[in-house]
Amino acid sequence: MTETASTTTTAGQGVGESARRPDAVLKVTGEFAYASDLWLDGMVWGVTLRSPHPSAWIRSIDVGPALKIDGVLAVLTHEDVPGVKFFGLDRRDQPVLAIDQVRYQGEPVALVAADHPETARRAAAAIVVDYEVRAAVTDPRQATDVVRHQPVRRGDTFEAEVVVTGEYEVGMQDQAFLGPESGLAVPAEDGGVDLYIATQWLHVDRDQLAPCLGLPHDKVRLTLSGVGGAFGAREDLSMQVHACMLALRLNRPVKIVYGREESFFGHVHRHPALMRYEHGATRDGRLVYVKADILLDGGAYCSSSPAVVGNAASLGVGPYEVPNVRVDATGVYTNNPPCGAMRGFGAVQACYAYESQMDRLAEACGLSPVEIRVRNAVSQGSRLITGQLIDAPAPLAGMLRDLESMPLPEGPPATDLRALPGGVSQTTRGEAVRRGVGYGVGIKNICFSEGFDDYSTARVRAELVGGEPHVTVHTAAAEVGQGLVTLQAQIARTELGIANVTVATADTAVGSAGSSSASRQSYVTGGAVRAACEAVRKRFDGLPAREALERFGPIEETREYRHRPTYPMDPVTGQGDSHTQLALCVHRAVVDVDVELGLVKVVELAAVQDVGRVLNPQALEGQIHGGSAQGLGLALMEEIQVRDGLVLNPSFTDYLIPTILDMPPMQTKILENPDPAAPYGLRGAGEPPTLSSTPAIAAAVRAATGLRLTRVPIRPEDIALFNNGEVSDGKRT
Amino acid sequence: MDFLRPTTWEEALAAKADRPEAVPIQGGTDVMVELNFDVRRPAALLDLGQVAELRAWGMVGGFCRVGAGVPYTTIIEELGGPLPGLAQASRTVGSPQIRNRGSVGGNLGAASPAGDSHPPLLAADAVVEVESRDRGVRMVPATAFYLGVKRSALEPDELIRAVHVRPATGPQYFSKVGTRNAMVIAVCSFAIALHPGERRVGTGLGSAAPTPRRAYEAEELLARELDWQAPLDPALLRRFGELCAAAAAPIDDVRGTAAYRVHAIGVMARRTLTWAWNDHLGRRAA
Ligand SMILES: Cc1cc2nc3c(=O)[nH]c(=O)nc-3n(C[C@H](O)[C@H](O)[C@H](O)COP(=O)(O)OP(=O)(O)OC[C@H]3O[C@@H](n4cnc5c(N)ncnc54)[C@H](O)[C@@H]3O)c2cc1C
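Protein chains in written order, with full-length UniProt numbering: chain A, 1 to 733; chain B, 1 to 286.
Check each hint, because a few of them may be wrong.
[Unchecked claim] Here are the computed distance ranges between Cβ atoms for each label pair: (1) 210/B with 409/A: 37 to 45 angstroms; (2) 509/A with 258/B: 57 to 65 angstroms; (3) 20/B with 125/A: 52 to 60 angstroms; (4) 144/A with 210/B: 22 to 30 angstroms; (5) 706/A with 52/B: 50 to 58 angstroms; (6) 706/A with 210/B: 35 to 43 angstroms; (7) 80/A with 10/B: 54 to 62 angstroms; (8) 27/A with 198/B: 52 to 60 angstroms; (9) 41/B with 641/A: 39 to 47 angstroms; (10) 91/A with 252/B: 56 to 64 angstroms; (11) 252/B with 125/A: 48 to 56 angstroms.
[Said to hold, decoys possible] Below, a sample of chain A positions facing chain B; criterion: calculated Cβ distance under 8 angstroms: (12) 18; (13) 423; (14) 429; (15) 716.
[Unchecked claim] Quick look at which bits of chain B chain A covers, simulated, 3 or more residues with Cβ under 8 angstroms: (16) 150-157; (17) 167-180.
These aren't lab readings, by the way, just hints derived from the structure by calculation. In this text the structure is predicted, and so the values were computed from the model without any measurement. Glycine included, each C-beta is placed from N, C-alpha and C at the ideal position.
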């Protein structure tokens, strides 16, 4: 996306202000061009044939019937992959197209290109694959193939006056972005390929693509296309290699766009988790020890499971001071859908469990949910369970007090049906409605951890255009809807004092920006843009911009920016300074529950988050609202239901995400305690609200119902049938 | 795929008679989804959008006759008085966009057990007017219309022209359980209609059996034992709920379990009867 700003002053458009998004009007009016809108004359359409089985040998593939169909231009299998036949973010374990076997339902088996997408689909259906179905491993507890096991060990006292234990389960959440996977591959005259693509990280796509295509990196050029949401689901490759293979084979532009159903099979999901926790504390509620077993189902391929496991381990007890710890986080391979990155990345699942435990502990100690958390809260100078010192502000206790003192909404409940559980579906007019309040706290690492060389590159050029100073910012950072294009321009305006800023379309003509994930782009690409601007400003030699540019001509500088280094976790003890920055968010949820029908209305969410420094108030609020909504979805409705390795609900008819009538109004309080190590003192903000809203809502539902509710999403029957005496423990049978 | 665009009802019937395999399309909110998801590949679409009369409603012989193409929005805005149950159900359908296009005729044509218009049509003794060029009009009671999951009494050469529903003479309620507060397909649903003149109560169950259905035994219980002058007897209310639940024969699926659906039908039956009864007594007192 290219932004051309026409303002002549920086007023209202610099760092700290709610600068207007260049894509705002286009998106609201439906004119924004997403990757699915890509079009080139003469392009043909690619379609993917996928496995219907979670686990099978492939005896043979007969592409003959497909090739006979009019309009079909090519049918490719693994034999046609020009280079390396595997890819992967962490380990190259995923075949571009299935080789002799399939390991999950939806695994790509063959590709078809045709002059019409419908023809391509019919041709794909005509391919005859002879499968020999074999037993699938679908219960992660039975899985023997471990992706990563990460222990954390600290102290040796595992006895306490008060002990609470619990088993918790988190279902498989989907990122549910609205713009399906899409890309257009265009063969180039030099034998290379240009790929226009909706992704989160252009360069890591290229690092995987080029070897598969058997091409040097410089012949594989990627340009970011309009991204309709990401949330982690675009970190892994989907159709990138496929489209390029077809384009190179046919020497024609090839477009692939997934449908909604295919999209559910075309990207990784959030790891479902089974967790067992034991918390020991003194009678007055001070944590003595925590033991935790966290089992994450990584599905058929590695994806980013190792890093997800690392987060689950290092953040597995939450932002609490715990002297004695025995945490084991394990990710396993199964024949379920592959799981990988999703907003919150390994910290979400553990957060639901440890916060549920804190509530139980509060009850056991006779303390309020806020009090138990305040008594154990970390602060600047505390150590994580990995031994890492929290050296930046972490005012958790104060945040909890702030949250507690926010006014509670009135009620219960209004007479307007829309304010009641069930809404206009009119299931209650107040009967059996009980109110509950719950709290949740979360801690998330910002930027990549565990020794990853995490950097971004920015090229900034200042010049006179029509006599006016003008700045172009060029990075490879993916705008996925979070507002990064806007922010880059804000930084350039503030640093250079020049109002006219163009943010060039992100592509691989400039160095890597790293991924638009881990809440890291404001920090790392923001840091790179600022550093490049500073370098340009230095060359102004103290002159005002216009004079400097008149005297010296165009000035261009490129800078890489790295955050403080991180280090691996010890494989046995988990100790190590594995994170560079930590962020906190706390939520209070107020819910009304129809305890007889099990329907929930979230009445209000309140949040306090410390962001170090607000760069764009409106965008920040959007992140907090959106993250909270995604956490609400996990608490109450969002789940990919998988039985025997088969996905049961790959559609928006049955994979439910919150609507505007499910998401309540929010009160937010944003704190600015700067992190001295970060550009502008900022703290990444996109993920933390996703963590804490889920346990807060679950706690509120527990408060309303008196049930233990050890699994999210909480389903109506978990509440209704329990009260009806048909289910014995408040868990799903 | 052929796209047939009749402009009159007669042309539409002729087109359907000549091409029984043609799939009618009114609002398209079911048909287009099926096409998108590749559920079917009809040889022809029969677009009813040009047949203006289908989008009109009027009073005929003491019945409210609602054209098959009347969108939910119109029902909500104009028919809340005579057809309160259907209007309430319409209010729960999809989103504003879907309600602007979706129609009762389309809901009947799809004959999904989860269709929201079915329970209030059953509770209010609606009759479906269907017609073919060669055999003319048939008036099919709603109770005889639903034959199986997405199967109806409609013959291949027939089209739905309208539904006929007597204007309410007593309170009516519709209630629908979904896992979110809007834009949701029913996990299960329930409709009730009081017919004080006949001292009778009608019911309709949605998403609780292979077809929408009435809870006959529950209706008979009330016909036998309800004292129309008195406050509701709690024991009778409970038995009514039990019999409505017993009328359900649901399945486990991604939207909910059979056990939950049975339970929820019982709860909705008790609640809606209570609301209706309060209205009934209030109305009598007024
Ligand atoms: C996002 C979304 C949400 C939805 N939510 C709900 C909901 O909450 N509740 C609900 O009940 N439904 C819901 N639906 C389904 C759909 O909107 C309804 O079934 C609607 O009533 C269909 O009406 P239509 O006019 O759009 O039908 P169409 O799609 O045009 O047709 C539906 C069926 O009826 C047939 N048909 C149409 N008119 C005639 C006729 N005159 N004679 C014979 N056959 C005919 C068609 O051939 C087709 O089989 C939803 C759909 C979507 C896409």
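So, going through the hints one by one against the coordinates:
1. About 43 angstroms separates the C-beta atoms of residue 210/B and residue 409/A, a value consistent with the hinted range of 37 to 45 angstroms.
2. For residue 509/A and residue 258/B, the hinted distance range of 57 to 65 angstroms is satisfied, since their beta carbons lie about 58 angstroms from each other.
3. With their beta carbons about 26 angstroms apart, residue 20/B and residue 125/A fall outside the hinted range of 52 to 60 angstroms.
4. About 42 angstroms separates the C-beta atoms of residue 144/A and residue 210/B, a value inconsistent with the hinted range of 22 to 30 angstroms.
5. For residue 706/A and residue 52/B, the Cβ-Cβ distance of about 57 angstroms falls inside the hinted range of 50 to 58 angstroms, so the restraint holds.
6. For the pair residue 706/A and residue 210/B, the supplied restraint of 35 to 43 angstroms holds, since their beta-carbon distance comes to about 37 angstroms.
7. Our hint of 54 to 62 angstroms for residue 80/A and residue 10/B holds, since their Cβ atoms are close to 56 angstroms apart.
8. The given range of 52 to 60 angstroms is respected by residue 27/A and residue 198/B, whose C-beta atoms sit roughly 56 angstroms from each other.
9. Between residue 41/B and residue 641/A the beta carbons are some 28 angstroms apart, a value that contradicts the proposed interval 39 to 47 angstroms.
10. One distance hint, 56 to 64 angstroms for the beta-carbon pair residue 91/A and residue 252/B, is violated here, with the actual separation near 38 angstroms.
11. As the Cβ distance of residue 252/B to residue 125/A is approximately 30 angstroms, the hint placing it in 48 to 56 angstroms is violated.
12. A cut of 8 angstroms between beta carbons decides the hint on residue 18/A: the least distance to chain B is about 29 angstroms, and the hint is violated.
13. Because the beta carbon of residue 423/A sits about 4 angstroms from the nearest beta carbon in chain B, less than 8 angstroms, this interface hint is met.
14. About 7 angstroms separates the beta-carbon of residue 429/A from the nearest beta-carbon of chain B, less than 8 angstroms, and the hint is met.
15. Below 8 angstroms, beta-carbon pairs count as interface contacts, and residue 716/A has one with chain B at about 6 angstroms; its hint therefore holds.
16. Check result for the segment 150-157 of chain B against chain A: violated, 0 residues qualifying (beta carbon to beta carbon below 8 angstroms, three or more required).
17. Check on the segment 167-180 of chain B: 8 of its residues sit with their Cβ under 8 angstroms from a Cβ of chain A, so the three-residue criterion for coverage holds.
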